[in-house]
Every structure is written in structure tokens, then in C-alpha cells.
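Undergrad: Chain by chain, the residues:
Protein chains: 2
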Amino acid sequence: MSLSRGAYASSGVDIDLKSIFISSLVRELKYRRSVNGPVIATGHFTAAVTFGKHLLTLSTDGVGSKLLIARKMNKWDTVGIDCVAMNVNDTICIGAEPIALVDYVATPSLEPEMGAELGRGLNRGARAANVTVVGGEVAVLGHMMNELDLSASCLGFLERRKVITGRSIKAGDEIIGVASSGLHSNGFTLVRMILSEKSIPLDEKFQSGKSLGNVLLTPTTIYVRPVLRCISHGGITGMANITGGGMRNILRLNEKVLFSITDLPRPQRIFAFLSENGGIPDSEMFQTFNMGIGFVIVARKGHGDEAVRCLRKHRLKADIIGQVEKGHGVALQEYGIHYDRY
Amino acid sequence: MSLSRGAYASSGVDIDLKSIFISSLVRELKYRRSVNGPVIATGHFTAAVTFGKHLLTLSTDGVGSKLLIARKMNKWDTVGIDCVAMNVNDTICIGAEPIALVDYVATPSLEPEMGAELGRGLNRGARAANVTVVGGEVAVLGHMMNELDLSASCLGFLERRKVITGRSIKAGDEIIGVASSGLHSNGFTLVRMILSEKSIPLDEKFQSGKSLGNVLLTPTTIYVRPVLRCISHGGITGMANITGGGMRNILRLNEKVLFSITDLPRPQRIFAFLSENGGIPDSEMFQTFNMGIGFVIVARKGHGDEAVRCLRKHRLKADIIGQVEKGHGVALQEYGIHYDRY
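The listed protein sequences correspond, in order, to chains A and B. Residue 270 in this note's numbering sits at position 270 of the first sequence, with consecutive numbering throughout. Residue 272 in this note's numbering sits at position 272 of the second sequence, with consecutive numbering throughout.
Looking at chain A on its own, in the form it has when it is part of the complex (with noise of 0.2 Å):
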């Protein structure tokens, strides 16, 4: 749940807005188990409930307006794994291991062809984070929708014992970045404001031969197995998956400290390109964008730099990028943004 602000609301998202929308919703739902309570709701990147001396963890997440532009490829078969990964990558956040999805595809119409194209995604995204999709269910509405919508639930478990929330992050702690592929799924509504606005074509050629439009759908990356094999080595304070929201998404996991970020990589070309071409502020690039970082990782002073062998062991890029202090919010020094609020 993306709380950027500024072009984006122009765009079309006003997380303003949406926040309103989702608090008035939340604030109805007062009904609790009395056993298998949840632990952990509303607020973090998954829920979890208890369950003996296990935690269950449940998320939904969609691939949202990412599918317009797979519309305009005509490219089916990546989407599927951006949709698992939406999902997986919430779940490993406080360390569960994700066991099953379900898939939901609501469409204005049926054309079988891209049903074989959306789970061979489904699919690649299942293997990549070890997952098995085990049901799911098509809807169509034909008066509700223009385009095909895809989203997923997932399932996943942990020992309670090992359960990672971020509460006990403190400062002294390093903050660890993983790099993401690209835009993964979030932002679009913006990107395809900036692409129309400028009357910039997808097959326009962007980089090693690939056209922007294929740039655009490079699918999101799944952490799962080298994030959970890191995190078993122990010393991981909280893990933050970097979505709409952008860097705000680390709020979520401690408000009581500064997450100090000092030493950002480069972000990939396309955040530039973007960037250049809406005229879009860093402040607002960070907060809608992942911008290179899809994932971080806090660990506890002193194992940041083992936690970062670890991950680039697994080939995933990994960097310590800050550490944490005294104070509160998320601070890009380097951008001079301080971020107080989710």
C-alpha cells in the first residue's frame, strides 16, 4: 500500500486518498478469532497468525497496472512470475517460507492462448521461489473491467520462535541493500503517465539491444531462496521488500529508529530515463520507485558484511548501504530526503 504523494496522485493513484479508503475499511474489521489470532496484521508485509509453535503467514498482492504494458507487448508470460514474486517476497519478510499460492484472474474476456502464457509465469515464479501453485480461480466480468487483472494469495510458515518483525532493531545495526531487476512491479500508473505524456513508444530500442517496453517488463525479482538461506545464519534484525512506497517501505519495520542510508549503488537506467523524462524529483523517485534497491536486510553490527557474502554467494547483488541510528524515519543522506511517515 503505496503512500507516495505528488506527481503520482496526478497520475491517477492519490495515496492520500487510498489511505483513507483503506483506513475506513481496516477500522470496520473487528473481529478476531479467539484462538489462532494474528500476531502480526494490517501494517507489516505479511500477516501471520499463530498456529501451535508456528506462525502461518497470508498475503495478497497484485501485479496492477504492470499488465498495460504486457497488453501492449502482447507478452504474457512474464507477468506470472512478477505476481508470485509480489506475493513470496512479502512472506520471506518476517522469515516464513512460502508453501502455497492461489492465483486470481479477473478479465473482461477469455482468450485461451494467454492462459498457457500466464502460467508459464506462474510457473517460473512457483520454481524460483519453491512454491506450488495450488489453485486459483478465473473471473470474468466483462462489464467490470477493461483489462485483464492478475493477483495472488500466498501461504507460508515459520517457527514462531524465529520469527523476524524488526521491533528489535537498533541503532548500531547495518542495513544491507539487494538489488532489484529493475522497476519490478510498482509505479506504472505513473510510468505510462510519463510515457504518454511524452509520446515515448515501447519498442523505442533502450538498452543492449532490448526495446524500453521489454526493459519495462523484466520481471521482478524473487528472493526467496537466498534470503531465507542468508537469514538461517542469524544476526537478521528485519527485512523490508521494497514496493510501492519505494525506501518509505522501511518505516514499516521499526518507527523508533533512523534508518541512515549512506551509500545508495546507481540506480539502472531506466530510473534516469524516467526521472528525466517526467521531471520527477528524487524525493518522489524514492518514494514510488524501488530505484535499484528491491529488498533490504537489517542486521545486527557485525554481520552485515557475512549476510552480504552470503546473498552475492546466492548472485544476488548486495551492498551494505547505511546503518541505523538514533532518531526516527529513513534519511538519504546522500539525496538529503528524510522520510518521517509510511
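Keep in mind that the hints are not guaranteed to be accurate.
Copies of one chain are not kept apart here, so a pair can be met inside one copy or by any two copies together.
[Unchecked claim] Within a straight-line C-alpha distance of at most 27 Å, the following computed DSSO-like cross-link-like pairs (lysine-lysine) qualify:
{"hint": "1", "residue 1": "K75", "residue 2": "K30"}
{"hint": "2", "residue 1": "K75", "residue 2": "K53"}
{"hint": "3", "residue 1": "K198", "residue 2": "K313"}
{"hint": "4", "residue 1": "K30", "residue 2": "K210"}
{"hint": "5", "residue 1": "K198", "residue 2": "K75"}
{"hint": "6", "residue 1": "K256", "residue 2": "K301"}
{"hint": "7", "residue 1": "K162", "residue 2": "K198"}
{"hint": "8", "residue 1": "K162", "residue 2": "K53"}
{"hint": "9", "residue 1": "K301", "residue 2": "K317"}
{"hint": "10", "residue 1": "K326", "residue 2": "K301"}
{"hint": "11", "residue 1": "K301", "residue 2": "K170"}
Just so you know, these hints were derived from the structure itself, not from any lab.
Could you slot chain B onto chain A? The hints should help.
TA: Just chain B, lined up with the frame of chain A:
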């Protein structure tokens, strides 16, 4: 996943095309986790994976085009009940108890007052089903949608040894029909086609001073508490949630027996109203709508009466409506209808 044909196809939901789409998608889903593998996957009412001595279930479903009636009535506080109901009534079909639910709202724009109304319905559904709504997602998809879509996914559990799949159903078993509250949340594309063709307004008085629109919006019955209570007495061999596909849904329990339905109660007036105004034959009515029976329970010979008594004690209308015989399919004897595939 309804498989009704005929008039329903002309209303915009081509069920043959839908089954091709689904098969194309599912065929690609080859990846399976080596642990926590699925024991029940696509085809039954809910998917389930192993988790120690338990099974965990995961299912997903939405309210569908019933939402277009909510829009016309500008009444959004009951569709949340439908949304919970569609999911939890699937969950209990294998004997599982729903624990947690996440909702997914995809909307073209944000109307904050709708957030509260949707939440109110979800909360009422959660209370009825004894499930916690632990999280959710709101996706603002301006260019993709014309109308808000509401769906959810539900996590449930049961002891592995207690699973009820329908596989042990055999000739002699008794078939119990449990009353629906009306249309529940299926067949609304056809409903809307009929109303539109006959120019029938939703504010037309229908019965007991209630408008047609309000009768159509009657929330789906939530069967969780009574059904879980009553199956704990034993003797239950299968359960079917009667949704899209109507009585054909029973075929999902067991394809090697004949479900012989001999004593159907008279369906609520709304069904005759739709059948008459749409000129819809019985064979199509029974495979599109629940026709008054929202849930079917199969019990071992001699256990039916006890189950009926138990369900009635919990204020559900329930009756023995037939029995299992040698053969194949679902036969509605009074109507001369025989369905032989789902």
C-alpha cells in the same frame, strides 16, 4: 469455476472457453514443492497442502458481477459477507476450519465511504465464519477497471486424518440439501441479462415489501459453524458448495457414483421469476443457480437424519433430498435432468 452452457454463454460468460482457458493455465503449473506438497489441488472446492499432521487449505474466490447490483443499489455493506462466504464455504467442504482471510479490492477509483461499507460486510462475514480478516490489498487500476472488484483468499486447517474428500462416497449414502438464502453470489451475469432484456427495474417491489434489488443482494449464507459442528459427529462422506455450476458441483466429490436427487424443496420465488422472465429451462437453471440448495452434505446410510437434526438445531433448513446409487453423474429425478460431467 462454473461449467454451465447455453443461455449463459450468450450472456457473456462462455463456459467452454473458460474451461479451455483454465486448462491451458493449469497445464503449465508443473512445479511442486518437495515438502508440504498438495494433497488436494484444482478440481475440489479448496486446495490443501500437508503440514505435519495437519492439512492447510488455501482457496480464493470473488463476489463477481453481483457487485454491479450493489452499484445500482448503491449498497456496499453486504458484498463483504458474500466475499467471505464464497471462500469459507469452499474451505469447509473438506472438513477444514477457516482461520484467516485476506481481501483484495481492485477499483477504478476510490470512494472512501465505500471502504467502510465493504469493511462492515467483511467483518460481519468474518464473525459469522469465525475467521479473522488479517490483511488485504487495495489496487487502484483506473485504466483497467470500470467497477470495483472484491475477492479474497482464505486459509484453513484440519487434522489430516479427518479430511473428507468425497472419495469414500458409495451407493446407499444419503444426500442432504441445506437451504441457500437465495442466489448467493453466482449467475449474476445471466440475472443482469434477463433484467436488462425485460427492462425490469431493481426497485420493483418483489416480496415482503423488499425490492428486487434487495432480494438479489441477500447475502450468501455462511455454513461454517453449523456444518463444522455437525460433521464432528461423524458419518459424513462428502460436502459440496453449490456455487457456479449449480448441482453439477456435486460431481466434484466423486465421479464413480450416481447422486440421485429425488426430493428437492421448492426453490425460492426469485428462481421462478428469473426462469420465467428469461425463458430459461430447468436444466440450465440447475446448472447456473443453486435453486434453493446452497450446500450439499453426503452422509453414510443411517447418518442422514442425525445430520439434518443437527443442522436444523443450528437454524439451517436441511432435508434429505436423495441418495447415492450405482452409476455416474447427478440426476434430478423430478426434472428428468442428468448431468454427467462437471
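Undergrad: Taking the hints in turn, state whether each one holds.
TA: Evaluation of the provided hints:
no.: 1; hint: K75 to K30; verdict: between (42 Å within a copy, 21 Å between copies)
no.: 2; hint: K75 to K53; verdict: neither (44 Å within a copy, 42 Å between copies)
no.: 3; hint: K198 to K313; verdict: neither (41 Å within a copy, 67 Å between copies)
no.: 4; hint: K30 to K210; verdict: neither (50 Å within a copy, 29 Å between copies)
no.: 5; hint: K198 to K75; verdict: within (23 Å within a copy, 41 Å between copies)
no.: 6; hint: K256 to K301; verdict: within (17 Å within a copy, 63 Å between copies)
no.: 7; hint: K162 to K198; verdict: neither (49 Å within a copy, 61 Å between copies)
no.: 8; hint: K162 to K53; verdict: both (10 Å within a copy, 21 Å between copies)
no.: 9; hint: K301 to K317; verdict: within (20 Å within a copy, 63 Å between copies)
no.: 10; hint: K326 to K301; verdict: within (14 Å within a copy, 70 Å between copies)
no.: 11; hint: K301 to K170; verdict: within (9 Å within a copy, 64 Å between copies)
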